[in-house]
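J.: Each chain is listed here by its residues.
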Amino acid sequence: MSPRLLPYALILPVTLFLCVFFLYPFILVSQQAFGSADGWSLEHFRDVVSYWKFPISMQNTLLLAAAVVPVQLALSLLMATMVTRMQKGRDLVLYVWTIPLGISDLAAGIIWLAIFEQSGFLNSMMVGIGAIDSPMPFLSYQNPGIIFLAIALAEIWRATAIMLVILVAGIGLIPKEYYEAAEVFGASPWQRFLRVTLPLLRPSLQTALILRVVLAFEVFAVVVALGGSQFPVLMSEIYAYQFDLQNSGAAAALALIVLAISIVFTLVILRALRVPKGATI
Amino acid sequence: MRGDLQKDTNDMAEIQIKNVAKTFGAYQALHSIDLAIADQEFMVLLGASGCGKTTLLRIIAGLETASIGEVWIGGRRVDHLAPKDRGIAMVFQNYAVFPHLTVFENIGFGLRMAKMPNDEVKRRVERTASLMHIEQLLKRYSGELSGGQRQRVAVARALAMEPDVILMDEPLSNLDALLRLEMRAELKGVLAESKTTAIYVTHDQVEAMSLADRISVMHQGRIIQAASPIEVYRNPAAQFVAGFLGNPPMNFLRAEKAGDGKWNVAGETVDGPRGAEAPLQFAIRPEDMQIADQGLPAQVRLVEPLGAHLLVTCDVDGTMLRAVLDSDLSLKAGDHIKLAPQPDRVRWFDPETTKAVA
Amino acid sequence: MTHASMAAPAPKTEPNPTPVTPVRNSGRYLYAATVILLCAWVLVPLYFLLVNTLSSPEQVSTFPKSFIPEFDLGSLQFFAGFQGILNALKNSIIVASMTMVMSILFGAPAGYALSRFEFRGKETFRVLILLTRAFPLPLLALPLAVLFIRTGLDDTTFGLALVHTTLALPFAVLITFSLFSGIPVELEEAAWTLGCTRFTAFTKVVLPLILPGITASAIFAFVISWNEVFAAAVLTIENRTLTAFLLQTLGEAPLHLKFAGGFILVVPALIFIFAVRKYLFSMWGIANR
Numbered sequence: 001m002s003p004r005l006l007p008y009a010l011i012l013p014v015t016l017f018l019c020v021f022f023l024y025p026f027i028l029v030s031q032q033a034f035g036s037a038d039g040w041s042l043e044h045f046r047d048v049v050s051y052w053k054f055p056i057s058m059q060n061t062l063l064l065a066a067a068v069v070p071v072q073l074a075l076s077l078l079m080a081t082m083v084t085r086m087q088k089g090r091d092l093v094l095y096v097w098t099i100p101l102g103i104s105d106l107a108a109g110i111i112w113l114a115i116f117e118q119s120g121f122l123n124s125m126m127v128g129i130g131a132i133d134s135p136m137p138f139l140s141y142q143n144p145g146i147i148f149l150a151i152a153l154a155e156i157w158r159a160t161a162i163m164l165v166i167l168v169a170g171i172g173l174i175p176k177e178y179y180e181a182a183e184v185f186g187a188s189p190w191q192r193f194l195r196v197t198l199p200l201l202r203p204s205l206q207t208a209l210i211l212r213v214v215l216a217f218e219v220f221a222v223v224v225a226l227g228g229s230q231f232p233v234l235m236s237e238i239y240a241y242q243f244d245l246q247n248s249g250a251a252a253a254l255a256l257i258v259l260a261i262s263i264v265f266t267l268v269i270l271r272a273l274r275v276p277k278g279a280t281i
Numbered sequence: 282m283r284g285d286l287q288k289d290t291n292d293m294a295e296i297q298i299k300n301v302a303k304t305f306g307a308y309q310a311l312h313s314i315d316l317a318i319a320d321q322e323f324m325v326l327l328g329a330s331g332c333g334k335t336t337l338l339r340i341i342a343g344l345e346t347a348s349i350g351e352v353w354i355g356g357r358r359v360d361h362l363a364p365k366d367r368g369i370a371m372v373f374q375n376y377a378v379f380p381h382l383t384v385f386e387n388i389g390f391g392l393r394m395a396k397m398p399n400d401e402v403k404r405r406v407e408r409t410a411s412l413m414h415i416e417q418l419l420k421r422y423s424g425e426l427s428g429g430q431r432q433r434v435a436v437a438r439a440l441a442m443e444p445d446v447i448l449m450d451e452p453l454s455n456l457d458a459l460l461r462l463e464m465r466a467e468l469k470g471v472l473a474e475s476k477t478t479a480i481y482v483t484h485d486q487v488e489a490m491s492l493a494d495r496i497s498v499m500h501q502g503r504i505i506q507a508a509s510p511i512e513v514y515r516n517p518a519a520q521f522v523a524g525f526l527g528n529p530p531m532n533f534l535r536a537e538k539a540g541d542g543k544w545n546v547a548g549e550t551v552d553g554p555r556g557a558e559a560p561l562q563f564a565i566r567p568e569d570m571q572i573a574d575q576g577l578p579a580q581v582r583l584v585e586p587l588g589a590h591l592l593v594t595c596d597v598d599g600t601m602l603r604a605v606l607d608s609d610l611s612l613k614a615g616d617h618i619k620l621a622p623q624p625d626r627v628r629w630f631d632p633e634t635t636k637a638v639a
Numbered sequence: 640m641t642h643a644s645m646a647a648p649a650p651k652t653e654p655n656p657t658p659v660t661p662v663r664n665s666g667r668y669l670y671a672a673t674v675i676l677l678c679a680w681v682l683v684p685l686y687f688l689l690v691n692t693l694s695s696p697e698q699v700s701t702f703p704k705s706f707i708p709e710f711d712l713g714s715l716q717f718f719a720g721f722q723g724i725l726n727a728l729k730n731s732i733i734v735a736s737m738t739m740v741m742s743i744l745f746g747a748p749a750g751y752a753l754s755r756f757e758f759r760g761k762e763t764f765r766v767l768i769l770l771t772r773a774f775p776l777p778l779l780a781l782p783l784a785v786l787f788i789r790t791g792l793d794d795t796t797f798g799l800a801l802v803h804t805t806l807a808l809p810f811a812v813l814i815t816f817s818l819f820s821g822i823p824v825e826l827e828e829a830a831w832t833l834g835c836t837r838f839t840a841f842t843k844v845v846l847p848l849i850l851p852g853i854t855a856s857a858i859f860a861f862v863i864s865w866n867e868v869f870a871a872a873v874l875t876i877e878n879r880t881l882t883a884f885l886l887q888t889l890g891e892a893p894l895h896l897k898f899a900g901g902f903i904l905v906v907p908a909l910i911f912i913f914a915v916r917k918y919l920f921s922m923w924g925i926a927n928r
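Chains as they are written, first to last, in our numbering: chain H, 1 to 281; chain V, 282 to 639; chain B, 640 to 928.
Think of the hints as simulated: they come from the structure by calculation, not from any bench.
You may find that some hints are simply not true.
List time: in silico BS3-like cross-link candidates among lysine-lysine, alpha-carbon distance up to 25 Å [claimed, not checked]:
(1) H/K88 to B/K917
(2) V/K299 to V/K636
(3) V/K420 to V/K543
(4) V/K538 to V/K636
(5) B/K729 to V/K420
(6) V/K543 to V/K619
(7) V/K403 to B/K843
(8) B/K843 to B/K729
(9) V/K396 to B/K917
(10) H/K176 to B/K843
(11) V/K420 to V/K538
Simulated restraints on C-beta separations [stated by the list, open to error]:
(12) B/V766 to V/V638: 23 to 33 Å
(13) H/A74 to V/E416: 17 to 27 Å
(14) B/E757 to V/S330: 16 to 26 Å
(15) B/T673 to H/A187: 45 to 55 Å
We put the CB at the ideal spot given by N, CA and C, even for glycine.
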């Protein structure tokens, strides 16, 4: 085959596959969302938005993302910088810290359920030390704050690893000389972190944040495992529309809303953390 | 598969490059190159990075396709053939020793691809390995080798193919200075013995001078001059060549016509070309000048003792000029001296065309 | 290093071996403590799951809880005997295996093209692949559910594997791109000059070198599929995967079933992350550029 055409032949399978299973469904979902008995309409969107659960599920999703992502960012940055200056046991510590990367959100939900359920470990511990007299129903409807906390903890526990991996890889790409140069010019460790690591880490921060924020809007199984129907989020609402209410038009409309939010946040992150041309490593 | 693998020494492996040009997008890497390389000749492509020398080599190898032009090897047009069908072998800058194979399998790789019988592979591998003095390394992997050893494996792997033409892309540039010197001498010996046509790319003029039968000096995608090392050094065809070769390179001074065949250089009258009218560039190598009673008036600016000789930088009529002088001289900055150029070593260039003027 | 320091005369101003200053010392303790704390943060919840899994069903629901497992296999036995769960486990493995094969089969050629060729549209292609990650991909399961019913792929492991492949493909492309970029082009070119065609150079030189990395990215694809919940729950009814099955039963299933299920979900993840740990970071090195 001619070398001109070879690369196109090589990317053809992916392109075709994504056209059929990504682009085409995307068009279908739009059709479903905008479709109605008589042509195009915003009917499904109106239904979805005016449903009483919409504001609360939207609020829950956004609040959860707002609570979880910054903590994860800080935590993964801390872990990544700690790991890079580690001499002994680096591999072991990295392995331990990246374990949650392989754990599904459902499993994470179940794991934190073991801690927060009424006969769980948190209650056992608190009763054990005498903080409370009898086990508390942490995950019941009377304690929405604790449900939120449990979900947030489970999400932080589970999904910080993906950011960590991206950031560690990114830090690995920064030549050591920059730090040495900064040190020679009198920068303290904290200044080095602020002036060297962070700016040079921008491409990785971009990827990590986009991935994380998008996934935060997709939060689903953790919520179902810990909160059940107590804590509606957008994805669980989509699921409910599709199955319990058998209204795939509304499900599609809500899916498009999630998509729109994801895209808006992606663009905001891309813009906020853009790297000036020529300023790459 | 390849009948021509077994190189017959009577087989002529001359290379002809006809009107080869290469563009990368809007960038013209090579401008219509014509070059003929004789059978068994050692040709060095010399130039600064980005001059197109590696591109030219890769076009000959078939790793790059020319935008236009033809490449002929041994009377066969090869520019449409895959690298494997061109009867070439190549030594890469980073050696490209396969990390997953032992040294033995690396050297025998091409032979295996040619489906050569086992005992023949063994014979050839052992012979080339002993030629390159790596017979004790045959069981190792490349990760266990030093840079110099890897280099030897790469050369042995190319030689084992007994190719018509061996192509080398800066093969010594990753070695340290001492090793480079040693490998240079060895390469020259081994290649002369194997009677293979060789094309060798380098930016190191000393390497070029010491190895080449002929040097092609390249600049901005063109061959400026292709000639024997001494010819390129003594009679540079263009000002670029004069300024590129030699360490330090040739000195240039502005010369005004002062009569028929007489030229005024820094106030001194020097014999020069008769034909030209417009001002010329007077050129002299640093080592071709001596302190004398008569000569170019110069004021010493900087004296660098280099052991074997003194490198003296001086101001001649507002132009900086470097001279390599006897190390016994006691000179210091500020001294006024007269520098006499050796008449038969003076060269002239036309500043308009930058070409040499006889 | 050691040579130089041995050859050099002992510096006269060698400071007396003063104890490390308290400030530095406390900084080191703080550092070590933080590392240990963060390790505990990851490991302790996993330990709790282990305790629950290795307890008898009765023990799981008793209060207060023992913090030491009693090594009773009752919960796991109950799990294994639960109606439909082994089938779900089998489905999970089948779907994940198919996803693994398909994403490498389709993804690796594209990764190779990205790393080896300059071609028109390359940058656009790369950005589009990256951007698919900005989409909540599981949502695509909704319209596909309709499409699959039409084509007879509904409620099949293959149909779900197709969706999971869509999830895993962008990663497969970017990771293999980064892996192929790690293999010098010169090695391939050397093979060409030594009598290889493009294809044989790939099989004889590139493939042996890339195989461990490809395995790692295949495992990554496996984990993505193994862990996926939403699309699995939407697209399968009879042929549920383990995640979909557990999600379905979350409401009514007894606690010990949940914990045993969670444990079964986690175990392969632990092994996989261990298997790919060497590649985890290099895979992302170029992939996020």
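J.: Determine for every hint whether it applies to the structure shown.
T.: Results for each hint:
The hinted pair formed by H/K88 and B/K917 meets the criterion: a straight-line CA distance of about 16 Å does not exceed 25 Å. With a CA separation close to 23 Å, the supplied pair V/K299 and V/K636 stays within the 25 Å bound. With a C-alpha separation of about 70 Å, the suggested pairing of V/K420 with V/K543 is violated against the 25 Å cut-off. A C-alpha spacing of about 18 Å is found between V/K538 and V/K636, which places the hinted pair at or below 25 Å, so the restraint holds.
The hinted pair formed by B/K729 and V/K420 fails the criterion: a straight-line CA distance of about 46 Å is larger than 25 Å. Distance restraint check for V/K543 and V/K619: the Cα-Cα separation of roughly 19 Å lies within the 25 Å cut-off, and the hinted pair is therefore satisfied. Among the hinted pairs, V/K403 with B/K843 is consistent with the structure: their alpha-carbon atoms are about 20 Å apart, no more than 25 Å. Pair hint B/K843 plus B/K729 does not hold up; C-alpha atoms about 36 Å apart against a cutoff of 25 Å.
For the proposed pair V/K396 and B/K917, the alpha carbon gap of about 37 Å is over 25 Å, so the pair is violated. Our distance criterion of 25 Å between C-alpha atoms is broken by H/K176 and B/K843, whose separation comes to about 36 Å. Of the pairs offered as hints, the one joining V/K420 and V/K538 is violated, with about 70 Å between alpha carbons and a cut-off of 25 Å exceeded. About 56 Å separates the C-beta atoms of B/V766 and V/V638, a value inconsistent with the hinted range of 23 to 33 Å.
Checking the proposed 17 to 27 Å range against H/A74 and V/E416 shows it is violated: the Cβ atoms sit about 59 Å from each other. Separation of B/E757 from V/S330 is about 20 Å and conforms to the stated range, judged on CB atoms against 16 to 26 Å. Our hint of 45 to 55 Å for B/T673 and H/A187 is violated, since their Cβ atoms are close to 22 Å apart.
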